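Chains A, B, C and D, in that order, give the protein sequences. Residue 137 in UniProt numbering sits at position 137 of the first sequence, and the numbers go up by one each step. Residue 173 in UniProt numbering sits at position 173 of the second sequence, and the numbers go up by one each step. Residue 22 in UniProt numbering sits at position 22 of the third sequence, and the numbers go up by one each step. Residue 343 in UniProt numbering sits at position 343 of the fourth sequence, and the numbers go up by one each step.
Hints listed in this document are in silico derivations from the structure and should not be mistaken for laboratory results. These numbers come from a predicted model, not from an experiment. Check the hints yourself; a few may be wrong.
[Claimed, not checked] Subject to a maximum C-alpha distance of 20 Å in a straight line, what follows is the list of computed EDC-like cross-link-like pairs (lysine to aspartate or glutamate):
{"no.": "1", "chain 1": "A", "residue 1": "Lys199", "chain 2": "B", "residue 2": "Glu379"}
{"no.": "2", "chain 1": "C", "residue 1": "Lys199", "chain 2": "D", "residue 2": "Asp298"}
{"no.": "3", "chain 1": "C", "residue 1": "Lys355", "chain 2": "D", "residue 2": "Glu309"}
{"no.": "4", "chain 1": "C", "residue 1": "Lys372", "chain 2": "C", "residue 2": "Glu384"}
{"no.": "5", "chain 1": "A", "residue 1": "Lys128", "chain 2": "C", "residue 2": "Glu55"}
{"no.": "6", "chain 1": "C", "residue 1": "Lys344", "chain 2": "D", "residue 2": "Asp298"}
{"no.": "7", "chain 1": "B", "residue 1": "Lys199", "chain 2": "A", "residue 2": "Glu379"}
{"no.": "8", "chain 1": "A", "residue 1": "Lys128", "chain 2": "C", "residue 2": "Asp106"}
{"no.": "9", "chain 1": "C", "residue 1": "Lys125", "chain 2": "A", "residue 2": "Asp106"}
{"no.": "10", "chain 1": "D", "residue 1": "Lys125", "chain 2": "D", "residue 2": "Glu170"}
{"no.": "11", "chain 1": "B", "residue 1": "Lys355", "chain 2": "A", "residue 2": "Glu309"}
{"no.": "12", "chain 1": "C", "residue 1": "Lys128", "chain 2": "A", "residue 2": "Glu55"}
{"no.": "13", "chain 1": "B", "residue 1": "Lys128", "chain 2": "D", "residue 2": "Glu379"}
{"no.": "14", "chain 1": "D", "residue 1": "Lys344", "chain 2": "C", "residue 2": "Glu384"}
{"no.": "15", "chain 1": "B", "residue 1": "Lys79", "chain 2": "B", "residue 2": "Asp106"}
There are 4 protein chains.
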Amino acid sequence: MLTTHPFDDDKLKEECGVFGVYNVDDAAAMTALGLHALQHRGQEAAGITSFDGNEFHTHRALGHVAGNFDQEEVIGRLKGRMAAGHVRYSTSGGTSLRNVQPLYADLSVGGFAVAHNGNISNAEKLRKELVRRGSIFQSTSDTEVIIHLVATSGFRTLLDRLIDALKQVEGAYSLICMTNEGMIVCRDPLGIRPLVMGKLDDGNYIFASETVALDIVGAEYIRSVEPGEMIVASHNGLTSHHPFPKQPSRPCIFEHVYFSRPDSIVNGSSVYSVRKAIGAVLAEEIPVEADYVIPVPDSGTPAALGYAEAANIPFELGIIRSHYVGRTFIQPGDGVRHLGVKLKHNANKPLVEGKRIILVDDSIVRGTTSLKIVQMMREAGAAEVHMRIASPPTSHSCFYGVDTPEREKLLASRFTVEEMCDFIQADSLGFISIDGLYRATGEKERNQAQPQHCDACFTGCYPTTLTDLDEVEQPNQLKLLNEQVVRSERT
Amino acid sequence: MLTTHPFDDDKLKEECGVFGVYNVDDAAAMTALGLHALQHRGQEAAGITSFDGNEFHTHRALGHVAGNFDQEEVIGRLKGRMAAGHVRYSTSGGTSLRNVQPLYADLSVGGFAVAHNGNISNAEKLRKELVRRGSIFQSTSDTEVIIHLVATSGFRTLLDRLIDALKQVEGAYSLICMTNEGMIVCRDPLGIRPLVMGKLDDGNYIFASETVALDIVGAEYIRSVEPGEMIVASHNGLTSHHPFPKQPSRPCIFEHVYFSRPDSIVNGSSVYSVRKAIGAVLAEEIPVEADYVIPVPDSGTPAALGYAEAANIPFELGIIRSHYVGRTFIQPGDGVRHLGVKLKHNANKPLVEGKRIILVDDSIVRGTTSLKIVQMMREAGAAEVHMRIASPPTSHSCFYGVDTPEREKLLASRFTVEEMCDFIQADSLGFISIDGLYRATGEKERNQAQPQHCDACFTGCYPTTLTDLDEVEQPNQLKLLNEQVVRSERT
Amino acid sequence: MLTTHPFDDDKLKEECGVFGVYNVDDAAAMTALGLHALQHRGQEAAGITSFDGNEFHTHRALGHVAGNFDQEEVIGRLKGRMAAGHVRYSTSGGTSLRNVQPLYADLSVGGFAVAHNGNISNAEKLRKELVRRGSIFQSTSDTEVIIHLVATSGFRTLLDRLIDALKQVEGAYSLICMTNEGMIVCRDPLGIRPLVMGKLDDGNYIFASETVALDIVGAEYIRSVEPGEMIVASHNGLTSHHPFPKQPSRPCIFEHVYFSRPDSIVNGSSVYSVRKAIGAVLAEEIPVEADYVIPVPDSGTPAALGYAEAANIPFELGIIRSHYVGRTFIQPGDGVRHLGVKLKHNANKPLVEGKRIILVDDSIVRGTTSLKIVQMMREAGAAEVHMRIASPPTSHSCFYGVDTPEREKLLASRFTVEEMCDFIQADSLGFISIDGLYRATGEKERNQAQPQHCDACFTGCYPTTLTDLDEVEQPNQLKLLNEQVVRSERT
Amino acid sequence: MLTTHPFDDDKLKEECGVFGVYNVDDAAAMTALGLHALQHRGQEAAGITSFDGNEFHTHRALGHVAGNFDQEEVIGRLKGRMAAGHVRYSTSGGTSLRNVQPLYADLSVGGFAVAHNGNISNAEKLRKELVRRGSIFQSTSDTEVIIHLVATSGFRTLLDRLIDALKQVEGAYSLICMTNEGMIVCRDPLGIRPLVMGKLDDGNYIFASETVALDIVGAEYIRSVEPGEMIVASHNGLTSHHPFPKQPSRPCIFEHVYFSRPDSIVNGSSVYSVRKAIGAVLAEEIPVEADYVIPVPDSGTPAALGYAEAANIPFELGIIRSHYVGRTFIQPGDGVRHLGVKLKHNANKPLVEGKRIILVDDSIVRGTTSLKIVQMMREAGAAEVHMRIASPPTSHSCFYGVDTPEREKLLASRFTVEEMCDFIQADSLGFISIDGLYRATGEKERNQAQPQHCDACFTGCYPTTLTDLDEVEQPNQLKLLNEQVVRSERT
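Using the sequences and the hints, build the whole thing.
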């Protein structure tokens, strides 16, 4: 397969991005552009469903938006002035086309399409009950549960059926649905996954996971869809509903660290400026003397700039990423595997030779990539290699729509910071503290009693029950939370 | 086709990269890695030929190295301990597989394969004469002329035949040839295109267009192949020949500005440090007051860093490039074309709003991209937009293996700097001077009588005759050469 | 698409063939062979589902069995000792993979797969009711109705649920179903479509639409599945059920005329010998003096042989079919369309020149092909062209799993035999009488009160109600039934 | 690959068919039709070259004409009123596109395209000499030798150069060449391979391997191109040349037995009627008592009809060929291989059970298929199985464009007729005698001193020298030639 993985394998992966437009010419073409801007949120498959006033049209494809949804003949078939799209990073269950969204069903009340970013944490339980009552599932996707709940709901209108369905659902969801009467978008009560709203002109509406998808189509950003809000766009205009009991929101903090694009505005703040602020906090919390601050490209770059400015150390490009390469190179031949091959990154050897360097990266997942990068810098002649990480140690799995390895594969779930430093062979290793991270996002500190974000991947503090989890993982005592400085020196 | 074009369309394009290994295990797998590191030099096609002691094996493919040459079954068929490869950006003549190199022929003295970076400027004339004598050409490639000259040469050995052939040839060539006795590499007498030499261990040899291709296979850089040098690697070891009359070399100066990767060493100096030096010279030559220095990613980044440091203005990421996207998105639907769509770049709006910014880019070719970028920054709210260019105005076509538009399409061939500034709608526009560029590469200044580089694209001063050119273009008086400051302010 | 249509477009088309094996090694490979032998019953798509004791495995593909199901990797994934397969000629609704059978669903009682030959004539009505109750359909196939009826049935066991479902269903079905307990096969109470049973050894069972599928795997023919019989093959061996009220059977008479392969045994008699008998009856009923009897290849060949023998006129190959050609040639270029191009048939000109010939074909549907063939024989110089048809005039549509054009496109629904003769420009045209056809199948004559076969396509006498048919077509008075000789001479 | 092999693997295979049109609209579309009618002469690849008055256009493809050359976009690119095409059965050397014809070269005198049916028996020797003088070959095809001989010829006009080239060539060739002045067709002096000429109207010309290709485009058959004749079609009309010394012709006799389509006229006589005559001679030469005469379909059918008529034994379809199947089924799974699987043929069991049958086939090559067919008939219950072959024993390889196995694999080169009968397990086996075969073609008998045909595959009597054959195979004493009756009874 030709699917591109510009991410390192050793990163967490957002599972989805959604985009919808209501009442515009070329709705499908615009949706394709929006999905293209959200490509980083899901690279294995994409789909668009449009509605032309009479019929729904769907095209789904494995692979990228470009190459699939930029062909006239595909876009031409997706007629109509309303469309919704989805990019997907498939987790277990495989990359079957059946799981590619938007999902669609012919219900007795008419067609119903849904695109979902997030993960339903009681999907298995609901599915079993639905099957028992005679529902037949087409996919292994958790999202299909929503459609069957809507199909079998006793309520009359699609809106009431959808509310009825979502009240039974637990977990994270930012949804864009289409019916033959209009578009219904909804964000779960905790607002775990993002969803924003914009417009091109009066009378049309655009919904997207991130503001960059508004930028690409030249739309104006209006506001975030609120946690727990359900918005209906129809020929009557826009109506907002709040069908769920009110509760404090918990948006995912990792969107700021890594998932969202730096040019997006998430939960009201610039991702780029938060990342620079993280770098500055990191420089304060865990300083070290060095010649250069060097970003691990590309996601570490804003934090490295913030670090360099705060620490007053020159920012230099010491690692060159192979931007020219669109496809993953699968290393052939056992014979060349032993070579310390650098397929995506190369050290800027003339620069780093003999220098003390600080590498800034966004996170450490398994630690394998960090180890290779440290080794690469040493081979290039660096005198000292200090690693600084723009997030706290990632120690817990996510169950809200992010692909994390099993917990035991997370380096931070097995090792102390000191042991992690040894593992990656750095001269020193430091993570930003959890309070430091909250400070960088504009909070005073983490509210321990009622955290302002979902930070379960760092703290194990999950904001919902996790019904489907066979053995409910007991959230660990947050071992790192009160450490003054999350840091280790290698001796 | 799914071919990726990470380059802007509005850049000059290197036409080729070459790579060869002699006497190693997994020669073809290693060549694939080397070509992958040279992918930026040619993205439309790639080929590898190997020799297993008895037979030559060739595989050619349209598209990238990754996806074609990282498959076990392909590499498995390319048996042997000697291999040469080529990446190609095809110019006119189309992307027919017939033109993809290495070219190969069964000669009476045995098999002969050749991979060529450069362009032969009397190929048409030679071709006509060869056809007249009964040669049948398989391709439209200028390189095939060399093979037919070798095939019909009266000399006995392949080495003598190759020298005989090259003496009839005019233009630029860095060649890697294979015979059943070993590898012959050669650089034209002026050394226009680069070619370096390295090794893994004693007894094996690696040749490549750039040092990054040595890095990726873990090889040690030995030296550049000298202009006019012919090196033979065989079971007798390495022998060096200088079959051509000695003359001062003229390596392409644009390799430093744009073509080569920043982590390569070209003609003995770090590309990254030359680019930073260009930025510093530019800041001296054409200063301006501003809030931020912003690189046009990615090729403008090192010069922007140099500029920011020298000018003591903060370096910020004001343009976010869609790194996550491997494939070119072909914009569908006329309806969305009028939107100011930014498929590859997006302004970091929260950052630039209300700010005076200096954009640093490597070159201006047609000017269309510069215009779009300036407009994008203004739409994002920039108060002033100053453009600084890390090369002199590109006013002439290249005939030595670089794809340049026809001269009349080059913005600098039609306009003064002031007019160019108007065209791109910048508040000011400045180019580095030709002497400034030479200074950044370590020279004191340009030697007018005998320039140290080929800089024809800036000066029209071509170092060879151009036989095939129908009407020999009279090199213009170098209009910009003596201007003290190449700059214009918009009023 | 490369799908082959060896049939003339102007033939009725059987819509499906089914095949199932229970308790054999290589169940899927054997099923692939069986489907290959049934390829003439459906050429647009094929599918196989296997069960390995734990899991069901399915592969579906557009196109032929060969090329899709003869690949080791496909067959290798279809593990298990039980498998069922289906070949499909898709009617309106398109050749979407979603409609390709076997259909499969995960029910609360376990997996359930079904392959269906036939057509359910109240499928639309049932579907609407199921959707109203919350069922979501995956396909546009009538067969899916059966699965949802099973899924939502109140009965406990799959067998009881299937009986419950089939009691609500009207029309024609030969079904092969799989559950995790075994195989359930069933034929509708009228036995409209065929289904036979065989075995390789004791303890295994094979079910197929025709005996040729038993032949290809070397199996022994046991007997036909009886109309209304439901057979369960499980680890308890074979059990036979008769869940429906007993009624006289009405197997499709057209299987003898055209659908089934001549080497099959259908309803206990050899298709080849019935076709020869048809030819003999035809020669008696509508004799004519001529030099040669010439089959319209290939389906007319056995009847032509029977005719020639009975009439004592030489049988000759006057039309050569392009057997060497596997793919349909799509005629390119308007410019060549006016040529009387013969892509599939060519006249054997040296043979027929100046001769009086009798052409024998199986049926006339739209008449367009007959016209072309008559013209082709005249252009080749035939002195007289007499057409004899091995079935009565096809005047009504089939609603039991055969693709017939809309009634108004059937030549015999608009024209008398005399007019048809004029239309095809033959010197004479004759059809076998309906009683003659029954005689050739071994009956004494058609039992008017209670016909022994379904012959609705000739008589309009449909054996079931046709609920979905919007306006119930009033079966015409059978205009041809009592005509002594169905024949016309052109004057 | 999906290539269809409707031939049994155990048949000799014609290697090529050629077709050319001069001065018609839609020349390429017409050529595609012509090649489609010649598909039986080469199924692995096809190509068409057209000339539009200025440029030559070529498209080549692996696979069938249908599916490749029936697409508007392909035909649309092949502009012009002159075109030539080629179908190819590739022998060793693989199915590389490079070997697919027409071959084309830009010569100093203009473009030159050639399509060749036949084989040059001194190609290797000529090739070596050409390479020695500097020619570079693109393919491994023997045909390319002709092009290089033309390219390097000292003569001025293309016609003279072609004559010069062909005078150096030995073997079989029917050529259709195109230059920018017109079409040149030529048949070797012995006329080994066929070539006919026709027209649509005055002023245009059509050339083809067989008359069926004239039929398909509605053209009128004029005559065969004569052995040794060279015909030039240009704006001056048609001119005929005889550049070679006159000698008695030796057209291939196997064209009558198997290669040509039965509806073709070859060397002036109907293939169908010759085959029927062969059957009649066979019935006289080797009679046997039996119930039925059964053709081995399809190539044995005309001879079987002739046999049945002459012997007055009923002709019946005892073997049903799976005409409905366009693609070869590759038997998957070792487990099912032991089954006596019949993928292409099935016995008509109800017919043959208990009967004494005579099978009539066209030839025996390796004997493996004959063995399987005899076994299949016995398993179906045949009481006696007598095999009659419509050609003498095939005991020698062909070097004139027919793919024959190496001599030792030909059953008749190793065994007597009696041993062959044992090998295929028939009750009796009989071949037509060589004189009988000549009689069926209309000769009185074989002229031993100067045979009227090339019959080397039966007699080893090759009509040309075979320069490239490493060790010149000494033509055996024709062991069968004088046997009165070529027959064996199994006891």
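Now for the hints, and whether the structure bears them out:
A C-alpha spacing of about 17 Å is found between A/Lys199 and B/Glu379, which places the hinted pair at or below 20 Å, so the restraint holds. With a CA separation close to 31 Å, the supplied pair C/Lys199 and D/Asp298 exceeds the 20 Å bound. Distance check on the hinted pair: C/Lys355 and D/Glu309 sit about 19 Å apart at the alpha-carbon level, within 20 Å; holds. Taking the CA atoms of C/Lys372 and C/Glu384, the gap is near 15 Å; set against the 20 Å cutoff, the hint holds.
Distance restraint check for A/Lys128 and C/Glu55: the Cα-Cα separation of roughly 18 Å lies within the 20 Å cut-off, and the hinted pair is therefore satisfied. Proximity of C/Lys344 to D/Asp298 is assessed by CA-CA distance (about 15 Å); at most 20 Å being required, the pair is judged to hold. Proximity of B/Lys199 to A/Glu379 is assessed by CA-CA distance (about 17 Å); at most 20 Å being required, the pair is judged to hold. The straight-line distance between the Cα atoms of A/Lys128 and C/Asp106 is roughly 10 Å, inside the 20 Å bound, and the hint therefore holds.
Distance check on the hinted pair: C/Lys125 and A/Asp106 sit about 15 Å apart at the alpha-carbon level, within 20 Å; holds. A threshold of 20 Å between alpha carbons decides the hint, and for D/Lys125 with D/Glu170 the separation of about 11 Å falls inside it, so the pair holds. For the proposed pair B/Lys355 and A/Glu309, the alpha carbon gap of about 19 Å is at most 20 Å, so the pair holds. The suggested pairing of C/Lys128 with A/Glu55 holds, with an alpha-carbon distance near 18 Å, which does not exceed 20 Å.
Restraint check for B/Lys128 and D/Glu379: not satisfied, since their Cα atoms lie roughly 70 Å apart, outside the 20 Å limit. As the CA atoms of D/Lys344 and C/Glu384 are separated by approximately 36 Å, the hinted pair breaks the 20 Å bound. Between B/Lys79 and B/Asp106 the CA atoms are separated by roughly 18 Å; this keeps the pair inside 20 Å, and the hint holds.
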